[in-house]
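Trainee: Now for the letters of each chain:
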Amino acid sequence: MTTGVRFESPGTAQEAAKLLAQAQGGARILAGGTDLLVQMRSGRLQPELIVNVKGIDEIMTVRQEPDGFRVGAAVPCMSLVNHEAFSSAFPGVIDGANLVGSVQVRGRASMGGNLCNASPAADSVPAMIAAGALAAIEGPEGRREVPVEEVPAGPGKTSLKPGELLVSFFFPNLPACSGTAYLRFTPRTEMDIAVVGAGVCLTLDEKGICTDAKVSLGAVAERVLVVPEAAQALVGTPVDEAALDKLAAAASQAARPIDDKRGTKVFRIKLAGVIARRAAL
Amino acid sequence: MAKHHVTTKINGEAVEFLCDTNQSLLDVLRNELDMTGTKEGCATGDCGACTVNLDGAVVCSCLVLGVEAQGKSIETIEGMAQGDHLHPLQQKFLEHAALQCGICTPGVLVAAKALLERNPDPTEEEVRYWLAGNLCRCTGYNKIVEAVLDAAREMRGASHA
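Residue numbers (the working numbering), protein chains in the order written: chain A, 1 to 281; chain B, 1 to 161.
Next up, chain A with everything else stripped away, as it sits in the complex:
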């Protein structure tokens, strides 16, 4: 790492956005640092300026609002896991957040960092997307909010424009009788990168028939996928074997993974179906 790297800790998102814009691509956001520091040490990233966002209140807090939860982008995964109200409302999102790295990594790593690092296998992302989360972004033109699935653009790339930073997530309250889950397959039991990850959210009516669903797959394409066909396979059904078979087939169909040492293409495609089905259950 170069020794001349500057370090700034702005107090507001607007100040942070200004610092980013002024640096013209030479700055990186520091949230938990669990991706940034590793990439700086390997030489992959060589910023001239590190913008530490942990002094910005809205980026570091979890707030329950009447319509849902606003979760700061840099809230450590562990803090979110410890947040009782959020954990009961969105267990699937917690499933994902609780799988990022190790306990030590989760003491610093955040869902915002996980999303913006844009690994296709990011564990906190599929369940967030399935739960309908929105991403609030601050930039030179002010604040905008988009569905989380619009942020990752490819391995290591986001759709954020120059000078923009992720500020928070908004999780709208789910309808009654809704559930969220995230499951992943990893070669080891923990401390590993997902070979397939599936986030599912579904809502049942009083007769147990599914009225709404959203399915998101991680690690099986160059970016996280939303699979409407898989969700449609469940809507209007009692989520029985037949519906789950259709869900699994749709998930496998949508998967377009890479081959690597953790999982071959064929394996990942088959597994997408298996994991999606288990997550739906």
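Errors might be hidden in some of the hints.
[Claimed, not checked] Per the computed footprint, the stretches of chain A lying under chain B, defined by three or more beta-carbons under 8 Å from a beta-carbon of chain B, are: (1) 41-54; (2) 128-135; (3) 252-262.
[Claimed, not checked] Here are the computed lysine-lysine pairs in the DSS-like style, where the Cα-Cα straight-line distance is at most 25 Å: (4) A:Lys-54 with B:Lys-3; (5) B:Lys-3 with A:Lys-18; (6) B:Lys-72 with A:Lys-54; (7) B:Lys-9 with A:Lys-54; (8) A:Lys-246 with A:Lys-265; (9) A:Lys-54 with A:Lys-157.
Calculated directly from the structure, the hints in this document are not laboratory data. Virtual Cβ for every residue (Gly too), placed ideally from N, Cα, C.
Go by the hints and put chain B onto chain A.
Mentor: Showing chain B alone in chain A's frame:
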């Protein structure tokens, strides 16, 4: 560029140091403050040998910048014993032979201490998953897990005394 002047609290004592932006907290602990109890195993946050407690959270000190320690409260392995009086975890590690080369041990102890403060009666599975971020090449983990469970038992017993 000028170094950062950092004031922080380590094991209950006020500490000051100078560091560059790119120095990790691990680097500062070992090389600026001569606190070599915390070990470097990988420098990428995978092995947990550098585990410290930062404001109540167990973290890898190799993934925290020295400058980020400003105003924080840090606990390292050096703060675990009270003078000559070992923490029950440390005592049980000796009794159970839960260490061989000892490189992973400070990290494991700091992580295990945090677990028992959060959950005084963990199951074996909970202990194994909590310590998943602490790699050990020597022991095969079983004695580590037994020592943690035994220390937990003793600490629960002592609190009822």
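Trainee: Indicate, hint by hint, whether the structure satisfies it.
Mentor: Hints versus structure:
1. Under the rule that three or more residues need a Cβ within less than 8 Å of chain B, the assignment of the segment 41-54 of chain A holds, with 4 such residues.
2. By the rule of at least three residues with a Cβ nearer than 8 Å to a Cβ of chain B, the coverage given for the segment 128-135 of chain A is violated, with 0 such residues.
3. Only when three residues or more bring their CB closer than 8 Å to a CB of chain B does the claim for the segment 252-262 of chain A stand; here the count is 0, and the claim is violated.
4. The straight-line distance between the Cα atoms of A:Lys-54 and B:Lys-3 is roughly 20 Å, inside the 25 Å bound, and the hint therefore holds.
5. For the given pair, B:Lys-3 sits about 24 Å from A:Lys-18 by alpha-carbon distance, which is consistent with the 25 Å threshold.
6. Between the alpha carbons of B:Lys-72 and A:Lys-54 the distance comes to roughly 13 Å, so the proposed pair stays at or under 25 Å and holds.
7. For the hint linking B:Lys-9 to A:Lys-54, the alpha-carbon distance of about 19 Å falls within 25 Å, and the restraint holds.
8. Between A:Lys-246 and A:Lys-265, the direct Cα distance comes to roughly 21 Å. Compliance with the 25 Å bound is thereby established for this hinted pair.
9. For the hint linking A:Lys-54 to A:Lys-157, the alpha-carbon distance of about 22 Å falls within 25 Å, and the restraint holds.
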